[in-house]
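Student: Here is what each chain is made of, one letter per residue.
Number of protein chains: 2
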Amino acid sequence: METLEELDDFVANGHKVYLPHLSVECVVFGYENKQLKVLLIKFLNLGWGVPGGYIKRNEGLTLAASRILTERTTLENIFLKQFYIFGDSAHRNSDERREYWDRLSEGNWLAARTMSIGFYALIDCAEAIIKQDIIAEDYKWVDVNEIPNDLLMDHNEIIEKALLALRNQIFHEPIGYNLLPEKFTLPEIQALYETILNKTFDRRNFSNKLLSMGIIVKLDEKRNIGQHRSPYLYRFHQDNYLNALSEGIVHAL
Amino acid sequence: METLEELDDFVANGHKVYLPHLSVECVVFGYENKQLKVLLIKFLNLGWGVPGGYIKRNEGLTLAASRILTERTTLENIFLKQFYIFGDSAHRNSDERREYWDRLSEGNWLAARTMSIGFYALIDCAEAIIKQDIIAEDYKWVDVNEIPNDLLMDHNEIIEKALLALRNQIFHEPIGYNLLPEKFTLPEIQALYETILNKTFDRRNFSNKLLSMGIIVKLDEKRNIGQHRSPYLYRFHQDNYLNALSEGIVHAL
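Chains W and H, in that order, are what the protein sequence lines are.
Start counting the first sequence at 1; every next residue gets the next number (my numbering).
Start counting the second sequence at 1; every next residue gets the next number (my numbering).
Keep in mind that the hints are not guaranteed to be accurate.
Identical copies carry no separate label here, and so any pair may be met within one copy or between two of them.
Below 20 Å or equal to it, Euclidean Cα-Cα: the simulated EDC-like pairs (lysine to aspartate or glutamate) are [said to hold, decoys possible]: (1) K16 <-> E106; (2) K42 <-> E76; (3) K140 <-> D88; (4) K161 <-> D239; (5) K56 <-> D88; (6) K16 <-> D138; (7) K81 <-> E160; (8) K222 <-> E157; (9) K183 <-> E32; (10) K140 <-> E71.
Calculated directly from the structure, the hints in this document are not laboratory data.
Could you build all of it, start to finish, from the sequences and the hints given here?
Tutor: Here's what the structure looks like:
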């Protein structure tokens, strides 16, 4: 939305285009300089939170999340995964939204009870061009350990649950695949896992484990990074990765 | 719903009580005689599927799922976990529902696009008393390996995704805790895991793994099941269980 007129039209008539009672919130993770970061947007009159939007009446749910993120980041084909629907507070949005956003009258579709469907996305921060508009005044990438605790509505809880999902799924979803270059060294993938899980691992055990689970494959190729330093490169084994968790545990048993 | 009049009133006026565009579907798992079973209901004019219902306008989402299952099974405090929202087919319900359920006129709230929020539940089949009514004509408990492939709408997909979630979460959600008695023997818990994961494990490795992950604790108590046969009893360590997956993998690394 570029103008105040467009915003007024969305508030007054948006329910003809979008489903009421449902929204999508996207926790966008990026990995850069051994930091895991989350994209925050400063919304007009609402404060900082994660990007989101609404589902068109004839649009698939995942397509809606994908469209919302493409519009916001200009990136196509973003890796997205739904992780939770936030609907336990029956009054979650109505009162708070009306308070924050004073143009919502009683009975307006945006003031009705709304459940949020949480998606997390994995992108390359360096490639994203974050679009600002009349409702998104500003943005920033924030380290997951430094998220302000006063985000709008339940957005702190949404980020916490996304992070938990990411950590639980790091061994059976193609998370590294979306955050590392196609070919990487063992120290690079170990740094990624250590950053996401906020732990340190023994170097030898870590690589043996990933290799024995079949998640990564050693290439017959090295990277030259200096005299006497030319580590082997690795890549993900995509098929194995997708089923690694249950298989991995089963092997471990 | 007991009478046809109540059903007619629900179809005509239900949207005043319930949120439109959303339903809850519950995949109810029970474990009995080393079989993992799912509860199927035969719905009037619709065929076999999993039990479900709608969310009251002022009711929390998890409370709604819990109410729906308590009404259907007479059990209180059922272990429930949401696992997915089915919303990718923008036409999922409207056409199919109208076809199946011919009392729905154009514009009726039940004929509108509806996303389903999937919950799985773990119960003791032996304790459940399944309630039938005007829309639920019959019910049966079916082994997960013998689910008919012609369930109504997308209920086959819903059961498949629930089973996948159950298998992925068996090491970090209190699943065994809800399907075994408070105290159990090692063969009993191994049979449960083998049934759910549809695999066999080495006896010694399996118990060592669960003990080293801290999921179960050996008790100073035995069960007498015959001459020369008095296996030790075990119980779950609930706190450890909840975080067992990531911790378990971290330890393994």
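Student: Against this structure, judge whether each hint is valid.
Tutor: To see whether the hints hold, each was checked on the structure:
Taking the shortest Cα distances, K16 and E106 sit within 20 Å of each other both inside one copy (17 Å) and across copies (17 Å). In this assembly of identical chains, the alpha carbons of K42 and E76 never lie at most 20 Å apart, being 23 Å within a copy and 43 Å across copies at closest. For the identical chains of this complex, K140 and D88 are neighbours neither inside a copy (29 Å) nor across copies (30 Å), given an alpha-carbon limit of 20 Å. Taking identical chains as interchangeable, the C-alpha atoms of K161 and D239 lie at most 20 Å apart only when they sit on different chains, with a minimum of 19 Å there against 26 Å within one chain.
Taking identical chains as interchangeable, the C-alpha atoms of K56 and D88 lie at most 20 Å apart only when they sit on different chains, with a minimum of 12 Å there against 23 Å within one chain. For the homomeric pair K16 and D138, neither the shortest alpha-carbon distance inside one copy (28 Å) nor that between copies (40 Å) is at most 20 Å. Proximity of K81 to E160 under the C-alpha cut-off of 20 Å is found in both arrangements, the shortest distances being 15 Å within a copy and 18 Å between copies. Neither within a single protomer nor between protomers do K222 and E157 lie at most 20 Å apart by alpha-carbon distance, with minima of 43 Å and 44 Å respectively.
Within a single copy, K183 and E32 get their C-alpha atoms as close as 16 Å, which meets the 20 Å cut-off; across copies the closest is 48 Å, which misses it. Taking the shortest Cα distances, K140 and E71 sit within 20 Å of each other inside one copy (17 Å), while across copies they are farther apart (47 Å).
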